[in-house]
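Got chain Y; can you put chain C on it based on the hints?
Top to bottom, those sequences are chains Y and C.
Taking my numbering, I'd label the letters of the first sequence as residues 1 to 477.
Taking my numbering, I'd label the letters of the second sequence as residues 1 to 477.
Quick caveat, the hints were computed from the structure, so don't treat them as lab data.
Treat the hints with care, as some may be off.
Copies of the same chain are indistinguishable here, so a pair counts whether it falls within one copy or spans any two.
[Said to hold, decoys possible] Think about it this way: if two alpha-carbon atoms lie no more than 30 Å apart in a straight line, the pair counts; the simulated BS3-like pairs of lysine-lysine are: (1) Lys85 with Lys56; (2) Lys136 with Lys369; (3) Lys63 with Lys136; (4) Lys27 with Lys226; (5) Lys27 with Lys465; (6) Lys56 with Lys136; (7) Lys369 with Lys420; (8) Lys28 with Lys469; (9) Lys63 with Lys208; (10) Lys380 with Lys309; (11) Lys56 with Lys323.
There are 2 protein chains.
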Amino acid sequence: MAKDKKLVEAITSMDVDFAQWYTDVVKKAELCDYTSVKGCMVIKPAGYAIWENIQKELDRRFKETGVENVYMPIFIPESLLQKEKDHVEGFAPEVAWVTHGGLDPLQERLCVRPTSETLFCDFYAGDIHSYRDLPKVYNQWCSVVRWEKTTRPFLRTREFLWQEGHTAHATAEEAEERTIQMLNVYADFCEQELAIPVVRGQKTDKEKFAGAEATYTIEALMHDGKALQCGTSHNFGDGFAKAFQIQYAAKDNSLQYVHQTSWGMTTRLIGALIMVHGDDNGLVLPPRIAPTQVMIVPIQQQKEGVLDKAFELRDVLSGFRVKVDDSDKSPGWKFSESEMRGIPVRLEIGPRDIQNNEAVLVRRDTHEKITVSLDEVVAKVGELLETIQGDMLERARKHLAAHTSEATDYDTFCRTMDEKPGFVKAMWCGCQECEDKIKEDLSATSRCMPFAQESLSDRCVCCGKPAKKMVYWGRAY
Amino acid sequence: MAKDKKLVEAITSMDVDFAQWYTDVVKKAELCDYTSVKGCMVIKPAGYAIWENIQKELDRRFKETGVENVYMPIFIPESLLQKEKDHVEGFAPEVAWVTHGGLDPLQERLCVRPTSETLFCDFYAGDIHSYRDLPKVYNQWCSVVRWEKTTRPFLRTREFLWQEGHTAHATAEEAEERTIQMLNVYADFCEQELAIPVVRGQKTDKEKFAGAEATYTIEALMHDGKALQCGTSHNFGDGFAKAFQIQYAAKDNSLQYVHQTSWGMTTRLIGALIMVHGDDNGLVLPPRIAPTQVMIVPIQQQKEGVLDKAFELRDVLSGFRVKVDDSDKSPGWKFSESEMRGIPVRLEIGPRDIQNNEAVLVRRDTHEKITVSLDEVVAKVGELLETIQGDMLERARKHLAAHTSEATDYDTFCRTMDEKPGFVKAMWCGCQECEDKIKEDLSATSRCMPFAQESLSDRCVCCGKPAKKMVYWGRAY
Numbered sequence: 001m002a003k004d005k006k007l008v009e010a011i012t013s014m015d016v017d018f019a020q021w022y023t024d025v026v027k028k029a030e031l032c033d034y035t036s037v038k039g040c041m042v043i044k045p046a047g048y049a050i051w052e053n054i055q056k057e058l059d060r061r062f063k064e065t066g067v068e069n070v071y072m073p074i075f076i077p078e079s080l081l082q083k084e085k086d087h088v089e090g091f092a093p094e095v096a097w098v099t100h101g102g103l104d105p106l107q108e109r110l111c112v113r114p115t116s117e118t119l120f121c122d123f124y125a126g127d128i129h130s131y132r133d134l135p136k137v138y139n140q141w142c143s144v145v146r147w148e149k150t151t152r153p154f155l156r157t158r159e160f161l162w163q164e165g166h167t168a169h170a171t172a173e174e175a176e177e178r179t180i181q182m183l184n185v186y187a188d189f190c191e192q193e194l195a196i197p198v199v200r201g202q203k204t205d206k207e208k209f210a211g212a213e214a215t216y217t218i219e220a221l222m223h224d225g226k227a228l229q230c231g232t233s234h235n236f237g238d239g240f241a242k243a244f245q246i247q248y249a250a251k252d253n254s255l256q257y258v259h260q261t262s263w264g265m266t267t268r269l270i271g272a273l274i275m276v277h278g279d280d281n282g283l284v285l286p287p288r289i290a291p292t293q294v295m296i297v298p299i300q301q302q303k304e305g306v307l308d309k310a311f312e313l314r315d316v317l318s319g320f321r322v323k324v325d326d327s328d329k330s331p332g333w334k335f336s337e338s339e340m341r342g343i344p345v346r347l348e349i350g351p352r353d354i355q356n357n358e359a360v361l362v363r364r365d366t367h368e369k370i371t372v373s374l375d376e377v378v379a380k381v382g383e384l385l386e387t388i389q390g391d392m393l394e395r396a397r398k399h400l401a402a403h404t405s406e407a408t409d410y411d412t413f414c415r416t417m418d419e420k421p422g423f424v425k426a427m428w429c430g431c432q433e434c435e436d437k438i439k440e441d442l443s444a445t446s447r448c449m450p451f452a453q454e455s456l457s458d459r460c461v462c463c464g465k466p467a468k469k470m471v472y473w474g475r476a477y
Numbered sequence: 001m002a003k004d005k006k007l008v009e010a011i012t013s014m015d016v017d018f019a020q021w022y023t024d025v026v027k028k029a030e031l032c033d034y035t036s037v038k039g040c041m042v043i044k045p046a047g048y049a050i051w052e053n054i055q056k057e058l059d060r061r062f063k064e065t066g067v068e069n070v071y072m073p074i075f076i077p078e079s080l081l082q083k084e085k086d087h088v089e090g091f092a093p094e095v096a097w098v099t100h101g102g103l104d105p106l107q108e109r110l111c112v113r114p115t116s117e118t119l120f121c122d123f124y125a126g127d128i129h130s131y132r133d134l135p136k137v138y139n140q141w142c143s144v145v146r147w148e149k150t151t152r153p154f155l156r157t158r159e160f161l162w163q164e165g166h167t168a169h170a171t172a173e174e175a176e177e178r179t180i181q182m183l184n185v186y187a188d189f190c191e192q193e194l195a196i197p198v199v200r201g202q203k204t205d206k207e208k209f210a211g212a213e214a215t216y217t218i219e220a221l222m223h224d225g226k227a228l229q230c231g232t233s234h235n236f237g238d239g240f241a242k243a244f245q246i247q248y249a250a251k252d253n254s255l256q257y258v259h260q261t262s263w264g265m266t267t268r269l270i271g272a273l274i275m276v277h278g279d280d281n282g283l284v285l286p287p288r289i290a291p292t293q294v295m296i297v298p299i300q301q302q303k304e305g306v307l308d309k310a311f312e313l314r315d316v317l318s319g320f321r322v323k324v325d326d327s328d329k330s331p332g333w334k335f336s337e338s339e340m341r342g343i344p345v346r347l348e349i350g351p352r353d354i355q356n357n358e359a360v361l362v363r364r365d366t367h368e369k370i371t372v373s374l375d376e377v378v379a380k381v382g383e384l385l386e387t388i389q390g391d392m393l394e395r396a397r398k399h400l401a402a403h404t405s406e407a408t409d410y411d412t413f414c415r416t417m418d419e420k421p422g423f424v425k426a427m428w429c430g431c432q433e434c435e436d437k438i439k440e441d442l443s444a445t446s447r448c449m450p451f452a453q454e455s456l457s458d459r460c461v462c463c464g465k466p467a468k469k470m471v472y473w474g475r476a477y
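Next comes chain Y alone, as it looks inside the complex (with noise of 0.2 Å):
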């Protein structure tokens, strides 16, 4: 078992150094590299694996939402991107700069999209023009860009993958419906097919998108206690539609602004998989989101009928995502590669297995062993990884739950939140000076006003005067 140890020893423990074991997972599943762009990284198969699992059925959730997919440029003209101040002075400080084509200067700098706003807007003002062609739901899948200073693969890049929606709508009810109805969207899928629990609510001005009027988020809890923004929503009102006259002839005749809203989810998602489920032996990947789900391993392979057994198993189970480990290395190797990658079930066939017509499936989450009958592995396989999918989701519901405290008073506020990794939940006035001091104080943000509000005191956690909203707060990535 010596050779074996070896691939997980090279994995920082995750309580010795979250960063660096996170780093570690990285690399050592394969997910992704960095390349000879700063900055910019290269997702291998095993992650863009994932990304495809993600993409496919958040795709299928959003069209049965009525959205349609579209592909707009990648450039932005500088006079387009100015054309909405808020949104403008988010953006500009981190953009890339497109000043050449081919040999000649341009007459016009073009930025590199680091989100599409500006291009959905220019595109809707000449394509809508009575409330017959409203609403409109665009979505689309592409790359981003963001010129970020510090980097962390698949959490913070300078170019990431991810999708946009843009929609606009007659009314501003309707708007606030979409804007709400995605957000439910994203956060059903992460607790659904990711098994990440997330808390739904309200970024404060201070947080919300540049240009939006309300910004919606999900917030999951990572491993460490920390936050990750998993995905936001926003409602535009009108601003943008004054912003660049989109505008629609009404049923009464009457000249309307649309009311816009747009919401993104992206590759960091990868990174809240390796940070909820991960553990010192690798990823832990929910059934339902592992591109592989069962990774079958001979036992003794060059015994005769073993590799035969192995593959007429691997046609059995076609139902589900399944390969063989038929390479050259040693079982106990696959055993761990297996785990590193965070494959489910591993289903060990060995010559003595054959005999009594029996297989051993092992639980990737919890190494539990269990020993099934050839004649009912199909169900068992099945039964198991949707155990497995429901205990990921419950255990991280445990861990979100007990990394949750309260405080109603600054000292309590401050202790806790030194102390005790996870979100703090505390009373606000509603005022950015208090969110100020709290990044100041403790390098933790609002990370949102949930919909699911209490009353824990009627005063302001920093400040003491009377509070308005509930906040959960945390250090965030």
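Below, chain C without anything else, positioned relative to chain Y:
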């Protein structure tokens, strides 16, 4: 019917002005639109849905051959682009350069990828160590940028969507095998899914890809007799491997260079669909790639039971991609619109049809009307879609054959090229001088040296010297 005509009349006839007809179809079928960014287009839902179907089916075929998807950065540092001499000469004049990140000038310029050979090579140099790491059969779906001077929707735009496969192999034989394999995947895809017959062959040295040892191509013939290169597959030999030092330890422990390939198909295929199958009523989509295969148009939809029946039929036909047009437009208008968008089958259902337990199916490609019993509608629609798919391929094959001529002397060659739109097959000595002369005299290029070689004469059609190859010549997009 006056109102219905309007939609159709807005299209220029293809016989009057093919280029304008193309632009009209693109616009009226709502496939794409121009943007504020010169040379870049927005791909609208009707266009993007075609691309999604292309992606889905191509990706499935790729994965069957062992392809794994990855994602490489959008940027290439200037020094990296320059590593392979022919490659940089081919691409540097047409790339977009990023010179500033946020407010700061970059130390080194980055180009927005025009293609990603250099990035894959840079990655492979670090990732390939031993023969055990081979082959690498990677692909990515992304957008690329080439600073074209003149642009046309789908056919030539400054940004376009594509897939680019990049592989590394232990031996030259294996690389050549993969190059041809992917060309055949492309050709089969075009014929089976897009109903577009193609000529498979090799590019001459003059026309091959910058940095390739050999470029293979599939060439299709548009309705106007011009050729369109639909996909290419390149064998790089070990040229890039030597430039990027991509070496592996062979089984005998010797250090060897890898052999590489790349291959790509783009959104240009949508242009091919338009120009191969379209007619004066608009787009005509082959059923296998059509986002909507059947449009149900209720007749007298205000009458009781008609809309109910229409939606009931949609549910009955749920094995196909079916929509009901229940808008408040007239049936005639709906017919035109469904034709404009190229929907393969229109299903008309009105009160009398319901009474007779019938529906009328109308073929988009031939306008043929077929009355079917509602009891058999699923089987009949299925058969009809298959028939249309087959007939469309057959018609395109006949067009290709009817527009492929031969010439054995230069006079005939020139006359044929000028008078008979299409390919002209002719012998060639192998010298670039003759290619240059033909281009200057006739604006025609060597499209490919087909795999299916014939000996039309033993002399070059241009210079009269001994012939080496039979070439398909043509004017091309």
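List of violated hint numbers, smallest to largest:
1, 2, 5, 7, 8
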